[in-house]
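Colleague: What follows is each chain in one-letter form.
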Amino acid sequence: MIAFKQVRYLVPLLALIGLVWLIFGGSSTSKPNSPYTYKKIKKNDAIPRNLPADHISHYDLNKLASTPMAAYNKERVLILTPLAKFLDGYWDNLLKLSYPREQIELGFIVPRTADGDAALRKLEVAVKQVQNPKNTKEPKFAKVTILRQDNEALESQSEKDRHAFKIQKERRAQMAVARNSLLFTTIGPYTSWVLWLDADIVESPRTLIQDLVSHDKPVIAANCYQRYYDNDKKEDAIRPYDFNNWIESDEGLRIASTLGDDEIIVEGYAEIASYRPLMGHFYDPNGDVNTEMQLDGVGGTCLMVKADVHRDGAMFPSFPFYHLIETEGFAKMAKRLGYEVFGLPNYLVYHFNE
Amino acid sequence: MEAQLGSPKLFRHSTKPHKQRNYLYVGFVAVGLLIIGIAVYIVSAVLQTGDIFRYTPSFDPSSAQETVFYDLKDYMGHSDGWYRGDQILICVPLRDAADHLPMFFGHLRNMTYPHALMDLAFLVSDSSDDTMGTLKQHLEELQADKDPNMHFGQIEIYEKDFGQVIGQGFSDRHGFAAQGPRRQMMARARNWLSSVALKPYHSWVYWRDVDVETVAPTIIEDLMHHDKEVIVPNVWRPLPEWLGNQQPYDLNSWQESDGGLQLANSLDENAVIVEGYVEYATWRPHLAYLRDPYGDPDTEMVLDGIGGVSILSKAFVFKSGAHFPAFAFEKHAETEGFGKMCKRMGYSVIGLPHYVIWHIYEPSNDDLKHMEWMAQEETRQQREQSQQKQYDRVYQAGFLDVKENWDEEKPMILRNTDSSRGSRKIDVVWEDVDTFNAQPNSKLADFDPAV
Chain A
587 MIAFKQVRYL
597 VPLLALIGLV
607 WLIFGGSSTS
617 KPNSPYTYKK
627 IKKNDAIPRN
637 LPADHISHYD
647 LNKLASTPMA
657 AYNKERVLIL
667 TPLAKFLDGY
677 WDNLLKLSYP
687 REQIELGFIV
697 PRTADGDAAL
707 RKLEVAVKQV
717 QNPKNTKEPK
727 FAKVTILRQD
737 NEALESQSEK
747 DRHAFKIQKE
757 RRAQMAVARN
767 SLLFTTIGPY
777 TSWVLWLDAD
787 IVESPRTLIQ
797 DLVSHDKPVI
807 AANCYQRYYD
817 NDKKEDAIRP
827 YDFNNWIESD
837 EGLRIASTLG
847 DDEIIVEGYA
857 EIASYRPLMG
867 HFYDPNGDVN
877 TEMQLDGVGG
887 TCLMVKADVH
897 RDGAMFPSFP
907 FYHLIETEGF
917 AKMAKRLGYE
927 VFGLPNYLVY
937 HFNE
Chain B
190 MEAQLGSPKL
200 FRHSTKPHKQ
210 RNYLYVGFVA
220 VGLLIIGIAV
230 YIVSAVLQTG
240 DIFRYTPSFD
250 PSSAQETVFY
260 DLKDYMGHSD
270 GWYRGDQILI
280 CVPLRDAADH
290 LPMFFGHLRN
300 MTYPHALMDL
310 AFLVSDSSDD
320 TMGTLKQHLE
330 ELQADKDPNM
340 HFGQIEIYEK
350 DFGQVIGQGF
360 SDRHGFAAQG
370 PRRQMMARAR
380 NWLSSVALKP
390 YHSWVYWRDV
400 DVETVAPTII
410 EDLMHHDKEV
420 IVPNVWRPLP
430 EWLGNQQPYD
440 LNSWQESDGG
450 LQLANSLDEN
460 AVIVEGYVEY
470 ATWRPHLAYL
480 RDPYGDPDTE
490 MVLDGIGGVS
500 ILSKAFVFKS
510 GAHFPAFAFE
520 KHAETEGFGK
530 MCKRMGYSVI
540 GLPHYVIWHI
550 YEPSNDDLKH
560 MEWMAQEETR
570 QQREQSQQKQ
580 YDRVYQAGFL
590 DVKENWDEEK
600 PMILRNTDSS
610 RGSRKIDVVW
620 EDVDTFNAQP
630 NSKLADFDPA
640 V
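Residue numbers (the numbering used here), protein chains in the order written: chain A, 587 to 940; chain B, 190 to 640.
Bear in mind the hints are in silico, worked out from the structure with no lab data behind them.
Values in this document were obtained by computation on a predicted structure and should not be read as measured data.
Mixed in with the good hints there might be a few duds.
[Unchecked claim] Derived DSBU-like pairs: lysine-lysine, alpha-carbon spacing no greater than 30 Å straight-line:
1. Lys325(B) - Lys660(A)
2. Lys921(A) - Lys532(B)
3. Lys335(B) - Lys625(A)
4. Lys325(B) - Lys729(A)
5. Lys660(A) - Lys726(A)
6. Lys262(B) - Lys714(A)
7. Lys755(A) - Lys262(B)
8. Lys335(B) - Lys617(A)
9. Lys626(A) - Lys532(B)
10. Lys708(A) - Lys262(B)
11. Lys671(A) - Lys262(B)
12. Lys720(A) - Lys660(A)
13. Lys626(A) - Lys335(B)
[To be verified] Short derived list, chain B residues pointing at chain A, Cβ under 10 Å:
14. Tyr212
15. Leu222
16. Pro246
17. Asp260
18. Thr301
19. Ile344
20. Ala376
21. Thr407
22. Asp411
23. Phe513
24. Arg533
25. Gly587
26. Asp590
C-beta atoms are modelled at their ideal positions from N, C-alpha and C, and glycine is treated no differently.
All chains should be modelled from the sequences, with the hints used to inform the complete structure.
Modeller: Structure representation (structure tokens):
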């Protein structure tokens, strides 16, 4: 009888103890020389990663180089893609690239939205196909890093909304943060080149990487076009797509001088006519594919950057930098750091047509 | 009646079922509380980690080689990161630092932030001493320590030389002008270090110079609990007594002023304003000078430029692109430019005026000259003292000291020369003075006072 009574007392007591334990998580500890409370560290708390036995690794960055003979010199290329939606065309094109795959690292960042989740699911399937150890037919990428953005992205991504002038600044500021987050967490001690390739580039020459590095420029952009069906001429045609590759104009500078610190100029809108020469309009079907032109602003659709440029600090400003933002601001920052920026007007890559 | 009321048997009998119900009731309430508690726990966990309804893929070496997924929202940094298990990256730029490393590793061992949660990244550049050898030796000793709690997380050593600072010719006209290129070079080194070392799973980044002499072992927790994006302590240095015992060291932590903005507007695009030179009088309030030794160490001050001796920053600040400008960014470079850029990106930049860490004292050229003079003066005085002793001895041997006699005789002798102290009265008789002219044989000198 007495024992039974004690048990009945014990039930609520144990329940309360259990509650307290659940809420406060149990095993905390203190240290003699600190007023703070610490958690006892369990082995499985640690972030899983492959570390050498003594955890120490040594890298000589003096030996790191970015040369026009990148493939021959076994230089690592990091392909970075902000991925709002997963296009089979993009992935197929990526797999067709002829640069040695064991020297390619991939980095993706998906937005924190339902669209991002959908893209992530498709990407997971695609990656698991290529990187699967049982798949011995194909070579594997040296590394694949997939990130999810930390902040909520603007939900609407339809073609019309995406290009409305009013929300351009906010959208591109978020895109800049996404690009930087991807870049600065994936660029490593082996990375020689960084190729920015948008998720809607569905067609490019197979030798894209070799072609771009062969120019040996700190920053070089391909010309981004789009295939469409010309209803008037009743035939397939191409038209320029990326208008962020441009040369500064007097009118552009004049407009910039009238703007407040927090205002930006973006290309391709009637609201601001800067009369900047756009690389999109310099395509000559009969011209030399290796023709270079110096640029002041670049887009991120297909952009090859020597990793040193990024390591020196050239990033994608999420704030108006000389009235420029994101990739255009990046070109300005690279120039402030003393690097030259180029474009290839006759070297085309193709954007998906929605 | 008495028996009825007082009968313990009756009382017990009538209330027993009621008591049992009571226990059951308490039991139900406890179980209910437990369920509510679990629900609260889950809800709070959901709130803390954000949207758990997002899809999370799983990669392992059997399904996809060399593939990783991270949700960056899991690594935003908590104000109690030492308890939550926030991984922190410690960035340490090194240049000719072999002498300071033993002291630095002493501090590192003492740090109370869980060592396994600390990843170390070193950048060794342009060193002519054995910085690399000393560093490796200390690291290997540290990681071989018998106490597993002493071992750190990932440790990466990077080597990169940036070459000598160009444009020394500047300094002929303006000593401070050479600061620009020098600081831009240091900025590049910092950017290289953080860009290669930062991983998606880092929640915090702590920048630390090795030449800090005195610092609390809880430095990271002390800064972290403020929950700011960028935060720096006050940096002072001890001085020899003849220089006033202590002095503000880091003058790069300041708040922007109208004077500073005016100066910035008047300068060329590539000019870099450097604090602490008379050429650039900005009238900015400096964190260092606002220190009160008895002030609350948790007092915060909003800053615009910061120094690099000890910076704690949330990792997303660097992930989102903030860095140490190696060009003139709003007329500032390196850590001061970093402060400006963080402000531009909307992040909080905070300094703690009354929380102090102590930099080592390295004497300046003027100090060295003064110290040399002090040393010479000391030996001169010692030499003089010993000469004096010798002189005294010779004097005593060769001369008879009559000072005591003289002390005795002096008043006696002087008494006779002092008329005011004399007691004799002297009477002068003037009566025969008129008869002097009457003497017949006497003759006056040929002198007439009237002429």
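Colleague: Any hints from earlier that this structure breaks? Give me their numbers in increasing order, please.
Modeller: 9, 25, 26
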